[in-house]
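Chain order of the listed sequences is W and Y.
Those letters in the first sequence? Residues 1 to 368, per my numbering, in order.
Those letters in the second sequence? Residues 369 to 840, per my numbering, in order.
Mixed in with the good hints, there may be bad ones.
What the hints assert, rightly or not - Between beta-carbon pairs, the in silico distance windows are:
hint, chain 1, residue 1, chain 2, residue 2, range
1, Y, G463, W, E363, 51 to 59 Å
2, W, D290, Y, A838, 26 to 34 Å
3, W, E363, Y, T469, 42 to 50 Å
4, Y, P494, W, A228, 21 to 29 Å
5, W, G226, Y, P837, 28 to 36 Å
6, Y, A838, W, T115, 47 to 55 Å
7, W, A120, Y, F827, 51 to 59 Å
8, Y, T710, W, S262, 44 to 52 Å
As the list claims (entries may be wrong) - Computed list of chain Y residues with no C-beta within reach of chain W, every gap over 10 Å:
hint, residue
9, P563
10, A575
11, R717
12, D830
To be verified - Partial list, computed: chain Y residues near chain W (C-beta under 7 Å):
hint, residue
13, V443
14, A446
15, R449
16, S759
17, A762
18, P781
19, P817
20, A821
21, P837
22, A838
It should be emphasised that the hints constitute simulated quantities derived from the structure, not laboratory data.
We put the CB at the ideal spot given by N, CA and C, even for glycine.
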Amino acid sequence: MSALYDLAVIGGGILGSAAACRAAEGGMRTIVIEQQTLGSGASGVNAGTLSLQIKRVRLMPYAIKGHELWERAGERVGFHKTGGITLAFNQREADLLHERMALKREAGAPIELITPARVAELEPNLSRKVVAASWCGEDGYANASLSGAYYRTLLEAAGVDIRERTPVTAIDRRGGAFELATPAGPVRATRLLLACGAWLRSAGAMIGLDLPVRARVNTVSVTERGPALVGTVVGHATGLLTLKQKPNGSVLIGGGWQGTGSPDEGRSSVDPATLLPNLRLAMFAVPGLDRFRVVRSWTGFEANVPDFYPLAGPAPGIDNAFLLGCVRGGYTIGPYIGALMGDLIVGREPELPLFDPGRFATEASAAA
Amino acid sequence: MSDYDLIVLGAGPAGAAAAIKARSLDLRVAVIDEAPAAGGQVYRAPSPALTATQPDADRARGDALRARLAASGAVLYANHRVWSLTAIFSVIAIGPDGPLTLEAPNLIVAAGAVERHIPVTGWTLPGVIGLAGATILLKAHGVLPGRRVVVAGSGPLLLLVASKIVAAGGEVVAVVDAAPRTSWLARAGAMLARPDLMAKGAGWLLALLKARVPIHSGTAIRAIHGTDGVESVTIGPVDRDWRPVGEAERTIAADAVCLGFGLLPSTDVTRLLGAEHRYEPELGGWIPAVDTSLQTSVPGLFVAGDGAGVRGADAAPLSGELAALGVARRLGRGGDLASEITKVEADWRKSGRFGAAMSALAMPPPGAAAMIDDGTTVCRCEGLSRATLDSAIAGGARTLADLKAMTRCGMGPCGGRVCGEAAAMLIAAATGWDREAIGQPSARPPLRPVPLAAIAGAFDYDELPIPAPAPL
Chain W
1 MSALYDLAVI GGGILGSAAA CRAAEGGMRT IVIEQQTLGS GASGVNAGTL SLQIKRVRLM
61 PYAIKGHELW ERAGERVGFH KTGGITLAFN QREADLLHER MALKREAGAP IELITPARVA
121 ELEPNLSRKV VAASWCGEDG YANASLSGAY YRTLLEAAGV DIRERTPVTA IDRRGGAFEL
181 ATPAGPVRAT RLLLACGAWL RSAGAMIGLD LPVRARVNTV SVTERGPALV GTVVGHATGL
241 LTLKQKPNGS VLIGGGWQGT GSPDEGRSSV DPATLLPNLR LAMFAVPGLD RFRVVRSWTG
301 FEANVPDFYP LAGPAPGIDN AFLLGCVRGG YTIGPYIGAL MGDLIVGREP ELPLFDPGRF
361 ATEASAAA
Chain Y
369 MSDYDLIVLG AGPAGAAAAI KARSLDLRVA VIDEAPAAGG QVYRAPSPAL TATQPDADRA
429 RGDALRARLA ASGAVLYANH RVWSLTAIFS VIAIGPDGPL TLEAPNLIVA AGAVERHIPV
489 TGWTLPGVIG LAGATILLKA HGVLPGRRVV VAGSGPLLLL VASKIVAAGG EVVAVVDAAP
549 RTSWLARAGA MLARPDLMAK GAGWLLALLK ARVPIHSGTA IRAIHGTDGV ESVTIGPVDR
609 DWRPVGEAER TIAADAVCLG FGLLPSTDVT RLLGAEHRYE PELGGWIPAV DTSLQTSVPG
669 LFVAGDGAGV RGADAAPLSG ELAALGVARR LGRGGDLASE ITKVEADWRK SGRFGAAMSA
729 LAMPPPGAAA MIDDGTTVCR CEGLSRATLD SAIAGGARTL ADLKAMTRCG MGPCGGRVCG
789 EAAAMLIAAA TGWDREAIGQ PSARPPLRPV PLAAIAGAFD YDELPIPAPA PL
């Protein structure tokens, strides 16, 4: 008979790991089960942007807390607080910028509008075609590819068992516990947290839930190392560009342009038709990029639900099961909302409210 | 409807034969190659300044291939670098006149092979080049790698490069072959079946003996020394598993080193398009899984030449013809294609035995990882030593993807093409994991680094297709 855990977490990304750490610290015997390796999904392949200027208004308090946690992680995650500039190149974009940044400022983000002249002072290599801009001194970036190594250290320190390269193939309920079938044998736990990102839908189906989870396929590109061009995180009023130059001189270009593929197919690909405008926008914002060579573009899955707010709370109709995912801006917010989830699981009142998955009809068939 | 029935990537012996065969079956064919002229590596066209030099047999074969391809009616896009592809099938390239996109329902990838590198101390010094790189210098440009050259590594390219250097008037101070003499003998069966190719190799060997070039078998480079360039090379014996053994080292004065350990099938394109691959050491490593007409697991995607498994230039044209027949069959063209496919496949398999034996001869056994010293740089782009990679492996890295995430190995401009094999050897040496489990470097566009301006081209900001902004 295998050991009985207090909590099994499916998914070893930022969300699942942060929740597991908090639960273990709260005294729960916890295991994280990951189909690939820790942080190998969206947690590890996103562009690493930490920008309050691109966070949703309602999620701002969570994002501010998230920033604090990444700043505390510091060098271990390649954290840099550089400040960030968001650019508008025409009147329509300027209107959008003014409207959105005002609301985000109200929500607590220290964002100010700055003049094109000030932009040129801060970042002389940016396009001179800027008509409006905003600045946030809290913005910066971290290195997403270090997420896995960082959380491995935290999970080990918290005494969480880690099982990698272990897909969960079925979930049954026996004798008041969940039994998770894996190629390496069953795992039993009294509580279950699904935190498997773009695979939430298929994992949810294993406990009889029909979750309205879809996946976006975000594209990120990186250039070879080049001379220093920009020191801050550069964005676009529409949110369709994030750009930063790392200390080693390479430039990371994102913005959520869509590739092809789906989690069910198991792979996603860059779509040259969307990569092209993404790179053009980057080159328009930073004309000196023209001679930088693009070394690699890649894609990652970002899960969402129809209202683009998180799923974070008890699984509807299934005792002792919980859901966590679909956090827009999940890299920034993940460490914090994951910890809140851990609090909920150990029976503490979370510091900020979570996002009840029960707001969607999930037709829980209670099969589990 | 696309302009072409078939796009062939690569105009070497396999790609050219595929295009010519497909034209004879009345298919509309485009061929794309990075080089200014067809011919590939083996029949690389000399630079125009060199056409007055003495033509050799390879030159004559190359000229004939170029003439036949030109007469076939296939459209050749020379000087075009393919940087991305999508199924089924858009080929996106950059050429002298800017971006080019071609579309066709069938694609034959005849992208050849790339050099397998095993890093040794000092391999990053100026003056150290690959064996395949040396053949380009010699064939296309008539340039010697140096005045006193050490030719080292494994496989038949050692003899080819050394004999070409001698023929061009250079001095080869040592040929250093990691394989013991006995492993050449072990392949004698396959070699004797092809007396013509055997004679070619014997000719190279004879030229080296005549020039009194010392040939050290069962020997490898311990270190390359120098400050601004190569000054000397220390060599020493290796055992049957290519592990350095004994103290019998010697140091040779030299100003250049040509170093390579055989060829790896170039699988960038088939990986990018998601084809299944398997690890086949006898054929150079990872190759796409194919059916009898060289179609991969992606319908319409075919491979030919060394990219389907390193079998050499001699077998390449038959593989090209086979793939072209496969495309014609897929398009429902008439004629008795099935029996021709059976016949050509059998001929190809037979003609490939010699090249495969040569390829296997160059293949490092697992012990070769011991040739890499702790302090030696393995990933040149990111400046990572063996010790750095070994500590990540000790910390749990089990695949190339793990190693990349933990150390950035393979994240630089080479995209793992230079360091991927060595990194995989290190994981295998430390863990005993088989190469299938360790995986390949992931293929991502662009297939080669491309300047942003070349991709972006000229554009008008107001015409960028900006989607609706994200929800507030």
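Checked hints:
1. Y:G463 - W:E363: 51 to 59 Å: holds (54 Å)
2. W:D290 - Y:A838: 26 to 34 Å: holds (28 Å)
3. W:E363 - Y:T469: 42 to 50 Å: holds (45 Å)
4. Y:P494 - W:A228: 21 to 29 Å: holds (27 Å)
5. W:G226 - Y:P837: 28 to 36 Å: Distance hint for G226 (chain W), P837 (chain Y) holds at roughly 30 Å.
6. Y:A838 - W:T115: 47 to 55 Å: Given about 26 Å between the Cβ atoms, the range is violated.
7. W:A120 - Y:F827: 51 to 59 Å: violated (23 Å)
8. Y:T710 - W:S262: 44 to 52 Å: Since T710 (chain Y) and S262 (chain W) have Cβ atoms about 39 Å apart, the given range 44 to 52 Å is violated.
9. P563: Its Cβ never comes within 10 Å of chain W, the nearest being 47 Å, so this holds.
10. A575: holds (41 Å)
11. R717: Its Cβ never comes within 10 Å of chain W, the nearest being 32 Å, so this holds.
12. D830: Non-interface label fails for D830 (chain Y): nearest chain W Cβ at 8 Å, not farther than 10 Å.
13. V443: Cβ of V443 (chain Y) sits 22 Å from chain W, so the hint is violated.
14. A446: violated (22 Å)
15. R449: violated (12 Å)
16. S759: violated (12 Å)
17. A762: violated (13 Å)
18. P781: holds (5 Å)
19. P817: Holds, because the Cβ-Cβ distance from P817 (chain Y) to chain W comes to roughly 4 Å (cut-off 7 Å).
20. A821: Cβ of A821 (chain Y) sits 4 Å from chain W, so the hint holds.
21. P837: holds (4 Å)
22. A838: For A838 (chain Y), the interface hint holds, since the closest Cβ of chain W sits about 5 Å away, which is under 7 Å.
Checked against the numbered hints given earlier, this structure breaks hints 6, 7, 8, 12, 13, 14, 15, 16 and 17; the rest are met.
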